[in-house]
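Q: Given the sequences, and given the hints that come with them, work out the whole structure.
Taken in sequence, the protein lines are chains A and B.
Each residue of the first sequence is one higher than the one before, starting from 6 at the first, in our numbering.
Each residue of the second sequence is one higher than the one before, starting from 6 at the first, in our numbering.
Label-pair distances were calculated between CB atoms; the ranges are: (1) A:76 / B:102: 55 to 65 Å; (2) A:213 / B:268: 39 to 49 Å; (3) A:143 / B:102: 51 to 61 Å; (4) B:268 / A:341: 50 to 60 Å; (5) B:314 / A:21: 50 to 60 Å.
With a straight-line cut-off of 16 Å between C-alpha atoms, the simulated EDC-like cross-links for lysine to aspartate or glutamate are: (6) A:87 / A:46; (7) B:78 / A:192; (8) B:87 / B:46; (9) B:195 / B:218; (10) A:270 / B:281; (11) A:78 / B:192; (12) B:225 / A:257; (13) A:40 / A:328; (14) B:195 / B:222; (15) A:78 / B:193; (16) B:195 / A:76; (17) B:225 / A:249; (18) A:195 / B:77; (19) B:195 / A:77; (20) B:78 / A:193; (21) A:225 / B:249; (22) A:195 / A:222; (23) B:87 / B:70; (24) B:260 / A:281; (25) A:260 / B:281; (26) A:225 / B:257.
Just so you have them, the derived chain B footprint on chain A, three or more residues with Cβ under 8 Å: (27) 150-156; (28) 253-260; (29) 283-296.
No lab work stands behind these hints, which were simulated from the structure alone.
Given the structure is predicted, the values throughout are model-derived calculations rather than measurements.
Even for Gly, the Cβ is constructed at its ideal location relative to N, Cα and C.
There are 2 protein chains.
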Amino acid sequence: MSLPRIAVDAMGGDEGVRVMISGAALARRRHEQFKFLLVGDQARIERALQAHPNMREASEILHCEDVVGGDEKPTQALRRAKTTSMGLAINAVKRGDAGAAVSAGNTGALMAMSKLALRTMPGIDRPALAALMPTLSDNDVIMLDLGANTECDARNLVQFAIMGAAYARIVTVEGAPRVRLLNIGTEETKGTDRLQDAAQMLREATGPSFSFDGFVEADKINRGDVDVVVTDGFSGNIALKAIEGSARFVTDLLKDAFRSSVRSKIGFLISRPATELLRHHLDPNNHNGAVFLGLNGVVVKSHGSANAAGVANAVAVAARLLEENLTERIAADLAELGEARLRENGTVGAEK
Amino acid sequence: MSLPRIAVDAMGGDEGVRVMISGAALARRRHEQFKFLLVGDQARIERALQAHPNMREASEILHCEDVVGGDEKPTQALRRAKTTSMGLAINAVKRGDAGAAVSAGNTGALMAMSKLALRTMPGIDRPALAALMPTLSDNDVIMLDLGANTECDARNLVQFAIMGAAYARIVTVEGAPRVRLLNIGTEETKGTDRLQDAAQMLREATGPSFSFDGFVEADKINRGDVDVVVTDGFSGNIALKAIEGSARFVTDLLKDAFRSSVRSKIGFLISRPATELLRHHLDPNNHNGAVFLGLNGVVVKSHGSANAAGVANAVAVAARLLEENLTERIAADLAELGEARLRENGTVGAEK
Chain A
6 MSLPRIAVDA MGGDEGVRVM ISGAALARRR HEQFKFLLVG DQARIERALQ AHPNMREASE
66 ILHCEDVVGG DEKPTQALRR AKTTSMGLAI NAVKRGDAGA AVSAGNTGAL MAMSKLALRT
126 MPGIDRPALA ALMPTLSDND VIMLDLGANT ECDARNLVQF AIMGAAYARI VTVEGAPRVR
186 LLNIGTEETK GTDRLQDAAQ MLREATGPSF SFDGFVEADK INRGDVDVVV TDGFSGNIAL
246 KAIEGSARFV TDLLKDAFRS SVRSKIGFLI SRPATELLRH HLDPNNHNGA VFLGLNGVVV
306 KSHGSANAAG VANAVAVAAR LLEENLTERI AADLAELGEA RLRENGTVGA EK
Chain B
6 MSLPRIAVDA MGGDEGVRVM ISGAALARRR HEQFKFLLVG DQARIERALQ AHPNMREASE
66 ILHCEDVVGG DEKPTQALRR AKTTSMGLAI NAVKRGDAGA AVSAGNTGAL MAMSKLALRT
126 MPGIDRPALA ALMPTLSDND VIMLDLGANT ECDARNLVQF AIMGAAYARI VTVEGAPRVR
186 LLNIGTEETK GTDRLQDAAQ MLREATGPSF SFDGFVEADK INRGDVDVVV TDGFSGNIAL
246 KAIEGSARFV TDLLKDAFRS SVRSKIGFLI SRPATELLRH HLDPNNHNGA VFLGLNGVVV
306 KSHGSANAAG VANAVAVAAR LLEENLTERI AADLAELGEA RLRENGTVGA EK
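A: This is the structure we're talking about:
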């Protein structure tokens, strides 16, 4: 069976068509069997393709001129689902004309359009946005939800755990990923009733698809001993941004400190390989590609400011998830857990 | 009128009696007029005081042997409020025998004991835990609540804003502090109904005691353009720990990077003044002293692992808040706002 192709919203993102096409071309070097549907202004896409002949022969162009704005409200964008590059890329997945859509556009609009067009897969009540973050170990940690759902119940959190674990088994770990719930303490009695209930269900659901290791506090997310951090979209968004902002804060302070004297500047130049190593480890382009999990189809969000290497990582995430049949894996895990343990708790399969 | 004295729980904290006493003695050099009630094992306190004769003459010792354990549940600790050093320090404030209590012990127990013994001040429904964090500017930012209240309504958040602003005017800024609500976006429509309602009330309450500047995302907390970040205790705890953890993560990576080659090590040695500057800026001891706001009396929590300089900062915070009459200032702000604008919204003064 041939692999489904990848629809790329060539117009989204701050860096323009050229970066999206270069990124997709870079990804295709690692995943040669993939074909692409490039959605956006035909003339600009063709100009960008001139530098990438191998990409050109693997691509079809779907012309459109309308673009979702970066500040546009999701409700406004939804009305232009049939005319915008983002809307048409998602629609290609809906029609079965592509297996995945990749966009660097407005996250809220992408989420709203994806939910409306693709719907959640059977057994999942709400999709979740998941991203990779660097850790002290070699493996990235996956955190979800990062903002798709401001408020979540225990059942949502359990489903996020199942989806995050399936994602982790494809992109970060072998074997059963270590799953934890984000909380304000690690004692069993900490946090809200929702978290207590979710923890109870996850303890019972621990098995070959994941191992539930209890709660994790926000200062331990990056220590490298957890593979999947599960949380509601509000807390997840707060944690993700706090981590990004704090990392930037420290590196900004460091830059100021290195500029504070001639001696420090010399030290900086000598130790540049070390600071480059740090920069590489923290570069968001190396962890690019947030995924909407739980939809009938794969949707990957690339950072708006990602460079070609960053876009390539986002496209490669889409390719990996298609190669490894993410959606079917989640369905299989849900079925297995649902039949074994969760149905009796009303966690999976019950009417909403 | 002479200043009320400060009760110090000499037994709490990981570093023992000596560090607590040395810290208090250091603080007294900056606040010479203060007297102390030192609560804990008399023999150990007296040994520690031998190095600090000036502190000795300003102190009374209240002997007790019982200590609240670091892992003890608040409900357990509450039963020993009359025998433990923490409980007796708080009780001294309740009796009017001290104006403030400082402890480096178990935060949950300190919170529970303080709430029960001191009660919330008139017009405040719930106390909040507030802490200082470093920013890119010269001023620290104050964030609250950091875990005293897992779930909060709009009215609680408005009260936190008033208390945080009063605290900021004493310790960090002149004039009206810039107050923002922590949210997952800055658009007016973002977040929960609670946040929408709180924002509306705070917009109406903006005046000489604070200026409400809308929402702030977690990656902007440390940029230096906000003085008070207001949030519920769950999100605040997540944000605080994410920031601390991420700062530690980056500095750990930096250490590894500097150790990665001889060349990097040499560069590190040369640029040490720069990295020391960074270390100093991030050292939690320089921002030590979280405060429970909204109680009938001042309670300051020192980090469990703070050194003498850190304890001195926590004690100095207590001294500043007594000198500047924090509790009366909050009461005055509540009264002013309550009469001007908030009473009609049911935010202040209404029955709970």
